[in-house]
Amino acid sequence: MAELIVNSATPGVSLQDAGRAGFLAQGVSRGGAADTLALAEGAALLGQDPCCAALEMAGAGGLFEASEDLRIALTGAPMQASIEGTPLVWNASHLLPRGTRLKIGGCTRGSYGYLHIGGGIETEQQLGSRSSHAGAGLGQILQPGTRLPAGPDQGTKTTGLRLQPEERFDGGTLNILRGPQTCLFSPEQIAGFESALFRRDRRGNRMGAGLTSDQVDLGSAKGLKVLSEVIVPGDVQITGDGTPFVLLSDCQTMGGYPRIGTVLPSDLPKVAQARPGAAFRFHFVTLEEAAEIEARAAARRAELPKALRPLIRDPGTISDLLAYQLISGMTAGDDLERNRS
Amino acid sequence: MALSPDWPRISALGFDGFLVSFGEHLTEAANRAALAFRDALERESWPSARESSASLVSAYLRFDPLRQGHAEIRALLQDLLARQDWYQAPLPRGRRLWHVPAVFGDTAAPQLGEAAAAAGFTPQEAIASLTERPVRIQTIGFAPGQPYLGELAPEWDIPRQTELTRQIPAGALAVAIRQLVLFPMPTPTGWRHVAQTAFQLFRPLGQDPFLLRPGDEIRFEPLEEQALPRLQQDPDGGARFEVIR
Numbered sequence: 001m002a003e004l005i006v007n008s009a010t011p012g013v014s015l016q017d018a019g020r021a022g023f024l025a026q027g028v029s030r031g032g033a034a035d036t037l038a039l040a041e042g043a044a045l046l047g048q049d050p051c052c053a054a055l056e057m058a059g060a061g062g063l064f065e066a067s068e069d070l071r072i073a074l075t076g077a078p079m080q081a082s083i084e085g086t087p088l089v090w091n092a093s094h095l096l097p098r099g100t101r102l103k104i105g106g107c108t109r110g111s112y113g114y115l116h117i118g119g120g121i122e123t124e125q126q127l128g129s130r131s132s133h134a135g136a137g138l139g140q141i142l143q144p145g146t147r148l149p150a151g152p153d154q155g156t157k158t159t160g161l162r163l164q165p166e167e168r169f170d171g172g173t174l175n176i177l178r179g180p181q182t183c184l185f186s187p188e189q190i191a192g193f194e195s196a197l198f199r200r201d202r203r204g205n206r207m208g209a210g211l212t213s214d215q216v217d218l219g220s221a222k223g224l225k226v227l228s229e230v231i232v233p234g235d236v237q238i239t240g241d242g243t244p245f246v247l248l249s250d251c252q253t254m255g256g257y258p259r260i261g262t263v264l265p266s267d268l269p270k271v272a273q274a275r276p277g278a279a280f281r282f283h284f285v286t287l288e289e290a291a292e293i294e295a296r297a298a299a300r301r302a303e304l305p306k307a308l309r310p311l312i313r314d315p316g317t318i319s320d321l322l323a324y325q326l327i328s329g330m331t332a333g334d335d336l337e338r339n340r341s
Numbered sequence: 001m002a003l004s005p006d007w008p009r010i011s012a013l014g015f016d017g018f019l020v021s022f023g024e025h026l027t028e029a030a031n032r033a034a035l036a037f038r039d040a041l042e043r044e045s046w047p048s049a050r051e052s053s054a055s056l057v058s059a060y061l062r063f064d065p066l067r068q069g070h071a072e073i074r075a076l077l078q079d080l081l082a083r084q085d086w087y088q089a090p091l092p093r094g095r096r097l098w099h100v101p102a103v104f105g106d107t108a109a110p111q112l113g114e115a116a117a118a119a120g121f122t123p124q125e126a127i128a129s130l131t132e133r134p135v136r137i138q139t140i141g142f143a144p145g146q147p148y149l150g151e152l153a154p155e156w157d158i159p160r161q162t163e164l165t166r167q168i169p170a171g172a173l174a175v176a177i178r179q180l181v182l183f184p185m186p187t188p189t190g191w192r193h194v195a196q197t198a199f200q201l202f203r204p205l206g207q208d209p210f211l212l213r214p215g216d217e218i219r220f221e222p223l224e225e226q227a228l229p230r231l232q233q234d235p236d237g238g239a240r241f242e243v244i245r
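Heads up: the sequence lines are chains A and B, in that order. Under my numbering, the first residue of the first sequence carries the number 1, and numbering increases by one thereafter. Under my numbering, the first residue of the second sequence carries the number 1, and numbering increases by one thereafter.
Please note that the accuracy of each hint is not assured.
What the hints assert, rightly or not - Heads up, simulated EDC-like pairs for lysine to aspartate or glutamate below, C-alpha to C-alpha not over 20 Å straight-line: (1) K225/A <-> E125/B; (2) K157/A <-> E288/A; (3) K222/A <-> E151/B; (4) K103/A <-> D241/A; (5) K222/A <-> D79/B; (6) K306/A <-> D69/A; (7) K225/A <-> E28/B; (8) K225/A <-> D236/B; (9) K157/A <-> E294/A; (10) K225/A <-> D241/A; (11) K225/A <-> E24/B; (12) K225/A <-> D157/B; (13) K103/A <-> D49/A.
Claimed, not checked - Computed footprint of chain A on chain B, listed as stretches where at least three residues anywhere in the stretch have a Cβ under 8 Å from a Cβ of chain A: (14) 133 to 142; (15) 222 to 235.
What the hints assert, rightly or not - Quick look at which bits of chain A chain B covers, simulated, 3 or more residues with Cβ under 8 Å: (16) 12 to 26; (17) 134 to 146; (18) 230 to 237; (19) 246 to 254; (20) 262 to 272.
If you are wondering where the hints come from, they were derived from the structure by calculation, not from laboratory data. Note that the structure is a prediction, hence the values are computed from the model and not measured. Built from N, CA and C at the ideal position, the CB exists for glycine as well.
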């Protein structure tokens, strides 16, 4: 059985899949990948099920090695990656030959990068999932020498494919639904919330991300007395200081802060991937509009396999030929520099 | 409590969920209704339903709106609500009464004295008040397997501490706002630590990772502090249950 060997990993590296459903009533939130679109993209690149587990890398990756030839795919926040020093194109599939070292450094945009392997990572499931959930103490702990077994690779068997990723690394507009506690805020606050420009602040992890704005005060006297209630990923909690905190996949199952609304699932990758300073606006939509938006997002995910392109194209059509990789998805990486000097 | 014009209330909670709320404040009737309605949701077989849960006063349903639209699910929820007076509904069947040994006060639970004083009790009166009758698991949440228990006597309507306790141990029983919380794992908290159990509530590697169900009842049995090391030998911490008939 092929294994991905973790020689080193930053603390932000964890195993993630689509999460564990069915345990909300016992206090365990679904969890799973912070950027679920990146899971779908990796699955498309390797021609496998989007439920396959992958390594999620917050901020930076680590050093990895394959015990046998492994197909890999790199998605989500682009990171500096190389095999034995040869740079790899992000948002693409590659061959990681047995015994060679894969180095994944810091991200150049966004926050969460993903390393997928052919057959998916098949550690033992806990409560129906392989996702790490720090708050619940669930999931495989990664340390130097951890060997992650690959499932049977029944995918497309090919590598050297790429995808143009959907833009989601620099903030943007978040579509939001009204919820049971929207009425705790005044009409002026709701209007102000929708017109204000917010910036992602430094508070943030897999549980949620903080936003700030000096254009609106969302403090709610009524909200301080609300009973603890069910909370879900996407909920925009207004914390004691009147600033929004958007809940993400590892959020708790109940919470006592008032929530002004809930961001649509297809917009959550934007929240997770944003870096401090990224600009956001909120836009309220109706359930009918939300259904159209989510149906379109689901259709785009289903169409991902059709959007694959080979990494090697006709050189005549490539304007940035020298920046492009030419062999097996690899390049010496310094072609541009050498050309200039 | 009869059906009022405002309650129960159905609201969308995110794109893929509905929350059915039975009141603004925690009451016995609203909690009973939430538990019973969630139990009824679990027995329906709507093709788009994914999972359900209950908070103190609400039942939550997560579903796939691309498979069954919001209007259809809302109508199904309304039909289910109209089927009976949920505030009068019996609690879910198969509930259990747990007997859980607990050491009150001493070094094991250092805040019994101040919590008792805040409630206007002596420590002995506080122990009697917290152990004389069973308390219901009103909901499980926040952390895996963490029960909220109540409702306690009105004297226990004491606020949470403003300063957090840095780390309350697993198995701790803590009190505030007429409720008890039994902690499955060490955590910072504003609740006051009044007793210590050796009951492991969440066993991720076990056959049955979660022991308690919403609606179960727990009666705490006071023990001398010397008994704690012996209880800690057993993952159940000496707890046992009988099915409520």
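Now the hints, each set against the structure:
1. K225/A <-> E125/B: Distance ~30 Å between K225/A and E125/B Cα, so the pair is violated.
2. K157/A <-> E288/A: Violated, at roughly 41 Å.
3. K222/A <-> E151/B: Not satisfied, since the Cα-Cα distance of roughly 23 Å exceeds 20 Å.
4. K103/A <-> D241/A: violated (41 Å)
5. K222/A <-> D79/B: Status violated; Cα separation ~32 Å.
6. K306/A <-> D69/A: violated (26 Å)
7. K225/A <-> E28/B: holds (19 Å)
8. K225/A <-> D236/B: At roughly 36 Å apart (the allowed maximum being 20 Å), D236/B and K225/A break the hint.
9. K157/A <-> E294/A: violated (31 Å)
10. K225/A <-> D241/A: holds (15 Å)
11. K225/A <-> E24/B: holds (10 Å)
12. K225/A <-> D157/B: holds (14 Å)
13. K103/A <-> D49/A: violated (25 Å)
14. 133 to 142: Since three or more residues must qualify, the claim that chain A covers the stretch 133 to 142 of chain B holds, with 4 doing so at under 8 Å.
15. 222 to 235: With 0 residues closer than 8 Å to chain A, the stretch 222 to 235 of chain B misses the three-residue bar; violated.
16. 12 to 26: Result for this restraint: holds, n = 6.
17. 134 to 146: holds (count 4)
18. 230 to 237: holds (count 5)
19. 246 to 254: holds (count 3)
20. 262 to 272: holds (count 3)
Violated hints, in rising order: 1, 2, 3, 4, 5, 6, 8, 9, 13, 15; the structure is consistent with all others.
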